[in-house]
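Residue-level listing of the chains:
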Amino acid sequence: MKKISVRTSDGQEFELEENLAMESATIKTSLDAFSRDDIILLPNVNSWEMVKIIEFFTKVQELETKFGVKFMEKKEGRFLEAFQAEFDKDLSDDNLYCLLWTVDYLGIEVLLENLCHLMAERTKNKTVESCRNLFGVQHDYTPEEEAEIREDYSWAFEGPEIEE
Amino acid sequence: MEQRHHLQPHISSAGPTTPFGSTATYPHAPTASSGHKRPRTRGSYTCGRCGQPKKGHSCHVRPADSAAESHPDTPLSVTRTPALPPPPPPRQPYSNLRRALSFDDVESSGYGDSDAQDPDPDPDLDEVEDTEVDWDRGWGGLPASCLWEILRRLPPPGLLSAAMVCRGWRETTRRLWKAAEALRLRVPARAQVRFVRLVLHKCPNLVSLSLTIESDVDATMLECIAFSCPNLESMEIYISEKATNRITGDELSRFVADRRLLKSLKMEGCSNIGGFALCSSSLLTLWLSGLHSLSKMVFNCPNLKEISIDFSRQGNDNTDLTTMVDGLGRNCPRLQNIHIASVRLSHAVVLALTAAQLRDLQMLSLVLGSQITDASVAAIASTYPYLELLDLSGSSISDSGIQIICNVFPETLSRLLVALCPNITTMGIVFATTQLPLLELMDCGMTICDRNSSDPTYEESSDFQLSMPSKAKAHLICQNLIIKHGRLKKLSLWGCSGLDALSLSCPELNDLNLNSCNNLHPERLSLQCPNLEKVHASGCQRMLIGAIHSQLNNNLATMDSLLPCKRLASGSKRIRVPHYMMEQSLQSYEDDKKRRRVEKRRCNVLVY
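These protein sequence lines are chains A and G, in that order. Residue numbering for the first sequence is 839 to 1002, as defined by my numbering. Residue numbering for the second sequence is -2 to 605, as defined by my numbering.
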């Protein structure tokens, strides 16, 4: 199996098997356009992110042999649970956010879906303010608008504020 | 946060844009704005060159500078040719649009698979111009598609809160709500109608609605639903135990009559429905449960296919079931599935049913009617010989009734339920399993049990001791059941306390219920069922549970029997039960046959 070399933003090089590398739409496009012998430069990808992605591919392969199903092709619910357990534990919110961007950039559909799921789980427990911090969005409501929205959804906010 | 700011402009080998055709994805990076395609062009909130908000600014950043500011390590400076490939087709932000939103505080949003097709382009896309939202940016900081994927997995309080974060998020949530076609909502106790009205207002395209209500509900809820959901096809109202459903029969009838599209209606706790006149040509499915006494019942629903009428087991039920069934027969000739649960079921009711001559009847369930006898079975069998499901639980039918069933239904019957039928013995059960080759589900709960203990809560007894049978009852409880069936998938013997020995040889059996089979001898249990996934063994003795485990282990293909055993004088084999017998959680895999290498099957033994 042909190996594809990629170089991340901090100069580290990684080798991916061809079929796995092709899961990334971005890499696939550049492979289609250029020779497979060149190193693909990924200036937007950190090495730690690459490590995580490779970890993901390895895990998927493990699960595929175990369950005999092609996860890349179909999305299995069970896969989601197994995946979550592995990935959730050492990924901080900010890291998850960055990883999400990177995976979106690389165009790895299956991983993206799983990461979105993870992120949604985390968002569930966040307050509005901490969401803004995490996702880096501006609070762009005027005080009147904010009061109006709050008024409408007042019962959605009753109950204890959770986490952060 | 540090990590976000490191992101460089996407000057990668894929072209000057991100693969998804969006620009200005990073707040601090100028982008090469020439030569790319923006699929959903709309006024951009931020300047493409300098990233500052466009409003009232004049940009002094020249596009030519952007290349110079790029990361020195771009592929452009290495061995790539300058002719960059065209960017891949932009990804729709609405791909994998999920139309169903599930709003249960307890469980996470119930999106199963994601093969909803791409919807038609949102019709009010153009309206968004006014709010100056850069849709491509998504405003979450994230690409639009990611934000969509994340937000759509939030439960309702989460989704409502998400609207508070910023305008872009509110926009995304608004679109999510609009796209929703199915909604499952748990309605909080206070301000329930207002809450429902607010939520329903957001999803005008709603086709299917399921509400679980925690406090009293009345017709104002129906009015709210009627007002907000013009396209409603399916409605379900579940009510928590402490709450009362105050909707009356008239109110319900009015609601149904006005809904031209309503196909399915399910409602619980119908204690205040004293009677009704349901007129609907669209209604296909009707489930009403928790009913008390009904006076007038008119079913003017000519297309009705499925009906389920459940009376609560309270006293003074004056319902005239015979007239009701008579009316059903006359007005709803297309009925396929009938379920009636009432202690007032009788032979007369059955005769009314057979007189109706419902040509399409496939599933018939008449439960709790102790006055239903073998004669009723004969009547049913002669009029409806093509039933697929027959449920006469709680009736007085005996082994002769089973014999009639076996004579008439072998070619169609796949599900037979005769739980709580005290006159059925092991002979009847064996009859059914030998003579009904298509049987997939069989429920014989509480049949083979001590006739003297007619306490319906018998199976909840906490008596775990092995009770020595007194000689007087010995003949009633030392019963041996041997079942061999090629297709049986689910078998229930719950509460069969008279069962002494059990031998099952069913290659397709998935689910076996032995709850409260507390006289079943561990050494007289034989389970030759390699596909067994669940065994319910609540209320069983420890040794039985252990025996179940060892039987299951013996079924595993690759495992040698490591259990020490010795032969007893009687010729039977005593197996020493392994220490793990109290453990229950073993994973169960599916699609065993499709896997390349043989793996051990695991089965869950459920001891609640």
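Note that these hints are calculated values from the structure, not bench results. A couple of the hints might just be wrong.
[Said to hold, decoys possible] Chain A is nowhere near these chain G residues, computed Cβ spacing over 10 Å in every case: (1) 155; (2) 371; (3) 548.
[Claimed, not checked] Here are the simulated SDA-like pairs of lysine to any residue, each with C-alpha atoms no more than 20 Å apart in a straight line: (4) 904(A) <-> 309(G); (5) 199(G) <-> 991(A); (6) 962(A) <-> 530(G); (7) 962(A) <-> 292(G); (8) 199(G) <-> 904(A).
Since this is a predicted model, take the numbers as computed values, not measurements. All C-beta atoms in this analysis are idealised placements derived from N, C-alpha and C, irrespective of residue type, glycine included.
Comparing the hints with the structure gives:
{"no.": "1", "hint": "155", "verdict": "5 Å, violated"}
{"no.": "2", "hint": "371", "verdict": "46 Å, holds"}
{"no.": "3", "hint": "548", "verdict": "26 Å, holds"}
{"no.": "4", "hint": "904(A) <-> 309(G)", "verdict": "48 Å, violated"}
{"no.": "5", "hint": "199(G) <-> 991(A)", "verdict": "12 Å, holds"}
{"no.": "6", "hint": "962(A) <-> 530(G)", "verdict": "34 Å, violated"}
{"no.": "7", "hint": "962(A) <-> 292(G)", "verdict": "48 Å, violated"}
{"no.": "8", "hint": "199(G) <-> 904(A)", "verdict": "43 Å, violated"}
Going through the hint list in order, the structure does not satisfy hints 1, 4, 6, 7, 8.
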